[in-house]
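Q: Residue strings, one per chain:
Protein chains: 2
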Amino acid sequence: MSRKSAADERQASRAIAVSRERLARDIEAIAECSESEPRIGYSRPTFSPAWRRAVDYVAAEAKAAGCEVRTDAAGNLHARPTDLGWAVPAWLCGSHLDSVPTGGRYDGVVGVVVALEALRLRPDAPLELIVFAEEEGTTFGLGMLGSRSWAGTLTAGELAALRNREGESYLAAGAPHGVAPERLASERLRPAAYRGLIEVHVEQGLALWKTGARVAVVTAINGRKQYRCLMSGAANHAGSTKMADRHDALAGAAQAMIALESLARELDGDADHTVMTVGRMAVEPNALNVIPGRVDFSIDFRARTPAVLERGDALLRASLQQAAAARGLDLDLACTEELPPVPLDKALCRLLREAGARLGHALPDAASGALHDAAILAPLLPTAMLFVASEGGISHNPAEASRIEDIELAARIVAEAVRP
Amino acid sequence: MSRKSAADERQASRAIAVSRERLARDIEAIAECSESEPRIGYSRPTFSPAWRRAVDYVAAEAKAAGCEVRTDAAGNLHARPTDLGWAVPAWLCGSHLDSVPTGGRYDGVVGVVVALEALRLRPDAPLELIVFAEEEGTTFGLGMLGSRSWAGTLTAGELAALRNREGESYLAAGAPHGVAPERLASERLRPAAYRGLIEVHVEQGLALWKTGARVAVVTAINGRKQYRCLMSGAANHAGSTKMADRHDALAGAAQAMIALESLARELDGDADHTVMTVGRMAVEPNALNVIPGRVDFSIDFRARTPAVLERGDALLRASLQQAAAARGLDLDLACTEELPPVPLDKALCRLLREAGARLGHALPDAASGALHDAAILAPLLPTAMLFVASEGGISHNPAEASRIEDIELAARIVAEAVRP
Numbered sequence: 015m016s017r018k019s020a021a022d023e024r025q026a027s028r029a030i031a032v033s034r035e036r037l038a039r040d041i042e043a044i045a046e047c048s049e050s051e052p053r054i055g056y057s058r059p060t061f062s063p064a065w066r067r068a069v070d071y072v073a074a075e076a077k078a079a080g081c082e083v084r085t086d087a088a089g090n091l092h093a094r095p096t097d098l099g100w101a102v103p104a105w106l107c108g109s110h111l112d113s114v115p116t117g118g119r120y121d122g123v124v125g126v127v128v129a130l131e132a133l134r135l136r137p138d139a140p141l142e143l144i145v146f147a148e149e150e151g152t153t154f155g156l157g158m159l160g161s162r163s164w165a166g167t168l169t170a171g172e173l174a175a176l177r178n179r180e181g182e183s184y185l186a187a188g189a190p191h192g193v194a195p196e197r198l199a200s201e202r203l204r205p206a207a208y209r210g211l212i213e214v215h216v217e218q219g220l221a222l223w224k225t226g227a228r229v230a231v232v233t234a235i236n237g238r239k240q241y242r243c244l245m246s247g248a249a250n251h252a253g254s255t256k257m258a259d260r261h262d263a264l265a266g267a268a269q270a271m272i273a274l275e276s277l278a279r280e281l282d283g284d285a286d287h288t289v290m291t292v293g294r295m296a297v298e299p300n301a302l303n304v305i306p307g308r309v310d311f312s313i314d315f316r317a318r319t320p321a322v323l324e325r326g327d328a329l330l331r332a333s334l335q336q337a338a339a340a341r342g343l344d345l346d347l348a349c350t351e352e353l354p355p356v357p358l359d360k361a362l363c364r365l366l367r368e369a370g371a372r373l374g375h376a377l378p379d380a381a382s383g384a385l386h387d388a389a390i391l392a393p394l395l396p397t398a399m400l401f402v403a404s405e406g407g408i409s410h411n412p413a414e415a416s417r418i419e420d421i422e423l424a425a426r427i428v429a430e431a432v433r434p
Numbered sequence: 015m016s017r018k019s020a021a022d023e024r025q026a027s028r029a030i031a032v033s034r035e036r037l038a039r040d041i042e043a044i045a046e047c048s049e050s051e052p053r054i055g056y057s058r059p060t061f062s063p064a065w066r067r068a069v070d071y072v073a074a075e076a077k078a079a080g081c082e083v084r085t086d087a088a089g090n091l092h093a094r095p096t097d098l099g100w101a102v103p104a105w106l107c108g109s110h111l112d113s114v115p116t117g118g119r120y121d122g123v124v125g126v127v128v129a130l131e132a133l134r135l136r137p138d139a140p141l142e143l144i145v146f147a148e149e150e151g152t153t154f155g156l157g158m159l160g161s162r163s164w165a166g167t168l169t170a171g172e173l174a175a176l177r178n179r180e181g182e183s184y185l186a187a188g189a190p191h192g193v194a195p196e197r198l199a200s201e202r203l204r205p206a207a208y209r210g211l212i213e214v215h216v217e218q219g220l221a222l223w224k225t226g227a228r229v230a231v232v233t234a235i236n237g238r239k240q241y242r243c244l245m246s247g248a249a250n251h252a253g254s255t256k257m258a259d260r261h262d263a264l265a266g267a268a269q270a271m272i273a274l275e276s277l278a279r280e281l282d283g284d285a286d287h288t289v290m291t292v293g294r295m296a297v298e299p300n301a302l303n304v305i306p307g308r309v310d311f312s313i314d315f316r317a318r319t320p321a322v323l324e325r326g327d328a329l330l331r332a333s334l335q336q337a338a339a340a341r342g343l344d345l346d347l348a349c350t351e352e353l354p355p356v357p358l359d360k361a362l363c364r365l366l367r368e369a370g371a372r373l374g375h376a377l378p379d380a381a382s383g384a385l386h387d388a389a390i391l392a393p394l395l396p397t398a399m400l401f402v403a404s405e406g407g408i409s410h411n412p413a414e415a416s417r418i419e420d421i422e423l424a425a426r427i428v429a430e431a432v433r434p
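Going down the list, the protein sequences come from chains W and D.
For the first sequence, the numbering used here gives the first residue as 15, with consecutive numbering after it.
For the second sequence, the numbering used here gives the first residue as 15, with consecutive numbering after it.
These are calculated hints, taken from the structure and not from any lab test.
One should not assume that every hint holds.
One copy or two, either will do: identical chains are not told apart, so a pair holds if it fits within one copy or between any two.
Said to hold, decoys possible - EDC-like cross-link-like pairs, simulated, lysine to aspartate or glutamate; straight-line CA separation at most 16 Å:
(1) K256 / E280
(2) K256 / D282
(3) K224 / D259
Whenever a hint applies, use it, and build me the whole structure from the sequences.
A: Structure below.
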């Protein structure tokens with residue numbers, strides 16, 4: 015080993031130690047910005063004082079790293095090295111700081127602190143940090159509002175209709191934070207200003223954790239179909255109505271749930287994350303001694319390819335019809351949302367794989383079962399994602415965790431990929 | 015045919031026509047006492063103005079038939095022929111006028127109007143009409159309050175704790191209607207004052223209707239076990255958590271529901287009405303895109319014999335444990351109520367069968383899946399019930415119906431059974 019490479023190694027090792035410490039400090043500082051006690055989880059609703067403090071922390075750190083900072087008309091924070099200027103095509107890198115109520119420390123945060131650390135590690139790179147506003151969808155009833163508004167897929171009129179629990183619209187609640195509907199059109203995302211988007215995010219699933227992978231390249235974001243399903247039978251006396259004489263809507267829904275679970279398992283291939291979930295359910299009349307007459311439930315169905323989504327849709331409808339018919343129930347099924355699968359940019363995925371390889375890491379591929387701001391920008395910019403392993407696959411939960419060395423590896427890969 | 019028997023027949027035929035008209039008029043008059051529009055159903059919560067009007071109607075009709083009327087300290091109305099007096103052992107006959115919210119015209123009402131008609135048909139019989147207060151249990155959270163209080167199985171202290179939606183206790187709400195806790199003990203049911211109880215009720219099930227039976231002798235009231243079941247898994251992201259990595263509490267509950275349904279069918283014998291019902295369910299966090307972490311649901315299990323209840327309890331527990339274990343869920347199962355099966359009085363059942371036979375009707379036997387005030391009094395008095403067929407088995411529903419000729423037949427059987 016030459017003297018130079020030994021010195022390089024020592025310097026790299028010091029840099030890594032510094033990166034880990036800075037990343038850990040950033041995550042801790044953002045975790046301290048919460049509306050709820052850490053014991054029950056981390057809560058940063060978009061435009062809340064806690065969210066504001068977290069965004070201000072990142073802006074101050076970006077400035078300290080030599081950046082100029084601005085907020086666009088949709089409420090997203092941007093930071094670029096002052097010397098770079100806003101006109102040069104740059105790599106966009108970031109994620110979100112808003113959280114679900116009583117969520118974890120890593121969801122969204124990891125992608126922001128990794129972008130911050132990449133700016134510190136590579137101050138000469140054409141790199142822009144972004145903090146997307148309102149990704150989760152739990153504050154205004156629709157997710158990815160910052161990216162959708164910036165991308166122009168949501169109009170100011172649609173934004174005006176979205177309200178939080180206090181009845182304030184996104185536009186009104188966001189006004190003190192830079193949201194400016196009159197400038198939405200003029201400040202819309204200009205693809206020419208960007209080379210592409212790299213979003214780093216915790217996986218929120220078990221695929222990496224189970225295989226021991228630390229960081230993976232996301233090659234696709236799964237598509238989603240959501241449904242509202244009403245099954246109606248006959249409410250009747252729970253004591254005097256024999257089993258054979260019932261039209262029990264909840265028993266029908268139970269049979270449908272078991273069938274959908276089997277169907278999702280059948281449709282699922284390796285790492286495809288084909289999933290079906292009944293998450294919401296309301297039973298009527300919901301009384302101990304009355305056979306349920308009506309059940310209203312949601313179905314969330316995600317798959318990697320349009321073909322699986324279409325086939326799954328047909329099989330799901332057949333399963334529900336069969337479950338309803340078996341008990342003489344009426345079925346009313348409506349598809350309430352449809353988002354196609356989003357393949358990510360092949361060239362940019364390769365660039366990330368090559369950066370990983372140069373750092374001595376062979377990055378596996380992954381599919382994202384969850385939606386991300388990257389899915390909104392992918393049709394407009396070359397877009398790719400890195401996943402960082404989630405301990406035990408736990409997310410949207412205070413127990414959410416990722417290893418600091420894996421987060422640091424993601425930061426080094428981004429810094430390597432965007433080097434000029 | 016002799017002149018006398020022809021005259022008898024003509025008189026009987028006139029009496030029947032008169033009975034049907036009076037019974038139909040009574041049912042119509044009571045239906046008009048409702049807090050809700052008939053279109054959505056009949057609502058007579060205990061102690062409501064509508065309930066009061068219905069009880070007052072029955073009291074006035076009983077007086078018109080030559081009765082003296084009184085209300086006991088528990089709020090039950092009693093009427094006896096004035097000439098009979100309150101001391102002579104009499105047959106007790108009646109049911110309830112309170113209803114579930116938006117219920118039907120016949121539940122409870124049939125047993126009251128049949129007793130009224132028997133008093134008219136047989137003014138010389140040792141017969142006492144009773145209107146039990148608060149049978150349904152939907153107003154104060156516990157059923158058969160009038161009969162339980164009169165029988166002494168509920169104390170004034172327990173009664174004081176039961177409150178309606180307005181927060182008023184049974185004692186406070188009942189005070190203007192004669193409820194008097196200080197007299198509960200002294201006015202308690204004296205078995206020596208009664209020969210027995212005959213309660214007529216609509217079946218609220220399909221057994222009679224399906225076999226074409228008009229009226230049946232109830233030989234037993236099924237026992238009941240009720241449970242509260244909590245299944246806990248892990249709330250997680252509906253998009254990124256693969257099917258194999260889930261601990262979906264709602265999927266576990268669905269599997270349990272299907273298992274319980276099969277179990278009830280296996281346990282059920284001919285006319286045994288062994289039933290299991292999941293009527294109430296709450297899902298957490300109950301969000302479209304989150305795998306349910308916790309489900310809280312009720313189980314209502316009824317069977318005819320203690321042996322079936324015990325065997326069913328063990329199999330039900332095993333089914334739930336299996337459903338929970340299959341998905342790595344925690345199970346917390348608590349039995350919240352336990353009422354043993356109530357065999358009805360064999361001699362009194364025979365008396366009713368013989369009365370039916372004298373009128374030319376062979377009455378089949380039936381079991382009651384539903385609970386009734388008769389179950390409360392059965393340990394204290396010889397008790398029997400007649401069921402009147404329910405059209406289509408529908409009950410607790412505005413579509414509830416029974417044929418007026420079947421109700422009239424029940425009235426004639428009661429009048430025949432109690433003749434001096």
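Q: Next, verify each hint and record whether it holds.
A: Right, here's what the structure says about each hint:
no.: 1; hint: K256 / E280; verdict: between (35 Å within a copy, 12 Å between copies)
no.: 2; hint: K256 / D282; verdict: between (39 Å within a copy, 9 Å between copies)
no.: 3; hint: K224 / D259; verdict: between (48 Å within a copy, 10 Å between copies)
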